[in-house]
Amino acid sequence: MGRFGAMSVQMRPMFEPIAFVGTAVTAKTLASDLAAPFKAIDISEPGDVVVIDAHTAASTAFWGENMTLSALNRGVVAAVIDGACRDVPEIRRLRFPVVCRGIVPNVAAIAGYGEVNVTVQCGGVAVSPGDIVVGDENGVVVVPIAQCEEILKRSEELLEAEHVLQDKLRAGGTIGQLINVDTVFASTFSYQHRALEGE
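Reminder that position 19 of the sequence shown reads as 19 in the UniProt record's numbering, one-by-one numbering, no gaps.
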């Protein structure tokens, strides 16, 4: 995806290491209501990732041990929550990948509000049902389902180029030498100089 598609740096794994990929099932909460996340788990299928738009809420946990057990029973592979979570030791023991904005022990309510399987905002990125969600210690990336084939092709090309670059680096070169950074600097410096001089 290059420079786009990654969630905010504030979205961090509950524990490390983690690695997951799956299809998004989304939930949008209202206030501190857990009804939508519960429903999202219930409609999930094996290989899904539950993505919860909790509006960056930090005072209430929108994921915990019991939700993890429910998700595992449905074959869910990870949960990504734009809000807080709880029960870190228990979820770590279950080895279930959770990415969230923070940890707080306060429990949420169940009042029946919210939406499921709608486009949500999570970590500053739009996530629609069926999008591909990929995560590890580097962060979380969302691949729109409509662009999957194109992005897969570009990713394979990039990976091949990376292998070529790394072979050259292992042979003793530097990135600056390989991209001829002096030429880039010279060109940019000349442009900056002309701009400052008002040319």
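Be a bit skeptical, because a hint or two may be false.
[Unchecked claim] Ranges between beta-carbon positions, derived for each pair: (1) F185 - Q10: 15 to 25 Å; (2) E157 - S70: 35 to 45 Å; (3) L94 - A58: 22 to 32 Å; (4) F4 - G130: 42 to 52 Å.
The set of hints was computed from the structure by calculation and includes no laboratory data. Just so you know, even glycine gets a beta-carbon here, dropped at the ideal spot from N, CA and C.
Hint check against the structure, violated hint numbers in rising order = Numbers 1 and 4 - these are the hints that the structure violates, sorted from lowest upward.
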